[in-house]
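2 protein chains.
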Amino acid sequence: MIGGTGALGFGLAVRWSLAGVPIVIGSRSPERAEEAAAKVSERVRGAGGDAAEVEGFQNEDAASRAATVLLAVPFRAQSENLNNLRGALRPSSTLVDATVPLAAAIGGRATRTLGVWQGSAAQQAEEMAPRGVAVVSAFHTVSAAALSDPGKALDEDVLIAGDDRKAKDDVAALVRRIPGLRPVDCGELEVARILEQLTPLLISVNKRHKIKHSGVRLTGLE
Amino acid sequence: MIGGTGALGFGLAVRWSLAGVPIVIGSRSPERAEEAAAKVSERVRGAGGDAAEVEGFQNEDAASRAATVLLAVPFRAQSENLNNLRGALRPSSTLVDATVPLAAAIGGRATRTLGVWQGSAAQQAEEMAPRGVAVVSAFHTVSAAALSDPGKALDEDVLIAGDDRKAKDDVAALVRRIPGLRPVDCGELEVARILEQLTPLLISVNKRHKIKHSGVRLTGLE
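Keeping their order, the protein sequence lines are chains H and P.
Taken in order, the first sequence gives residues 176 to 397; the numbers are from the numbering used here.
Taken in order, the second sequence gives residues 176 to 397; the numbers are from the numbering used here.
These are computed hints drawn from the structure, not numbers from a lab.
Quantities reported herein were computed from a predicted structural model and do not represent experimental measurements.
Where a beta carbon is used, it is the ideal one built from N, C-alpha and C, also for glycine.
Do not take every clue at face value.
Which bits of chain P does chain H cover? Going by a derived footprint, with three or more residues having C-beta under 8 Å, they are [to be verified]: (1) 353-365; (2) 370-376; (3) 383-393.
Please model the complete structure; the sequences and the hints are all you need to start from.
Below, the structure written as structure tokens:
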């Protein structure tokens, strides 16, 4: 979990640890990573679950310890993180990109996005990742706050895009480990450019309706 | 209903007529408009409802007869239609734009969109509409086929964007007339650039899951 000290990474780590999925949290500083790992463990123990282990390491160390690496960092930090991770990502690993190119990255509104030359943040990630790493785009519409609170029931979809079927299946299986989340394969990685727009859409809906957390559920799937 | 001879316009006309909302269908040819109106009436009678009147007129005649004008035409016909409608749209009227800039307009894929200089088809409509006309963007995620079949139960949201609160409320009220549809105000008209991406997203989901009709439902709203 690169960016595991951030809100989305923290929330997902809480839910997965609760579900028995071992988590390695990465941060630029190993101390902050360990601190975040301890905080996740504490939150999970508070929920009374049988928690899987949560450890904290410096980003590259963390990434090299897992077959699935989730990038949950602000857009302005995405390139730097991917540069640093180049040596740590194995050709067989899966990189899950949850980055959203919010205009907030350059001081703009969180209800707007920036155009990314490659089409989407996920496609930028694919361009920067070592050859052979499968990039999957996901987790743009789940609320970090809702995930972080194990008492909060979830009932929504996680929309997934990617070109590698096996990698998508693996991510879908991870999503299913969290009660109340349903994975939905939305197609090829290029669809990420639409998925990444859903975050500002939900931010706009939250603002308009004065609610904390809207999500997406697709209808018509069995 | 400009483009009432097309699939989406036809489907919405069926549902609204069934719900007691009088509909005027527009087409380039008055004969085709009358034909479509007769087809809608027939479909509605078949459903056994107390249908509101459905009439057919040439586009400009149709538009001048209604306070709310819905534009449901292919993207490549949007500009021409708006040019022709200039004289027919009153400054107090509401223009509901359901146009989606699918790349299919230039022979590309229906899972991709074209970039529109103004940001979205709805914003292009606002630029072209006479001053004072309130533009509302909506109806990108409801399936024309599902709407056209009065026997099919609906259970999904209609996402709405626009700068004029009153016009959005009017459109929301029209949406509520159709059982199973819930209007959700998603913010300012600029959000249309996100809403218009949801059509290719659902087309991609339909393709991937071999289903005919997926839709969107937001969670977290009461």
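Here is what the structure says about each hint:
1. For the region 353-365 of chain P, the proposed coverage by chain H is satisfied: 6 residues have a C-beta within less than 8 Å of a C-beta in that chain, meeting the threshold of three.
2. Beta-carbon proximity to chain H at under 8 Å applies to 5 residues in the region 370-376 of chain P; the threshold of 3 is reached and the given coverage holds.
3. Proximity of the region 383-393 of chain P to chain H, defined as three or more residues with a beta carbon under 8 Å from a beta carbon of that chain, is established by the 10 residues found.
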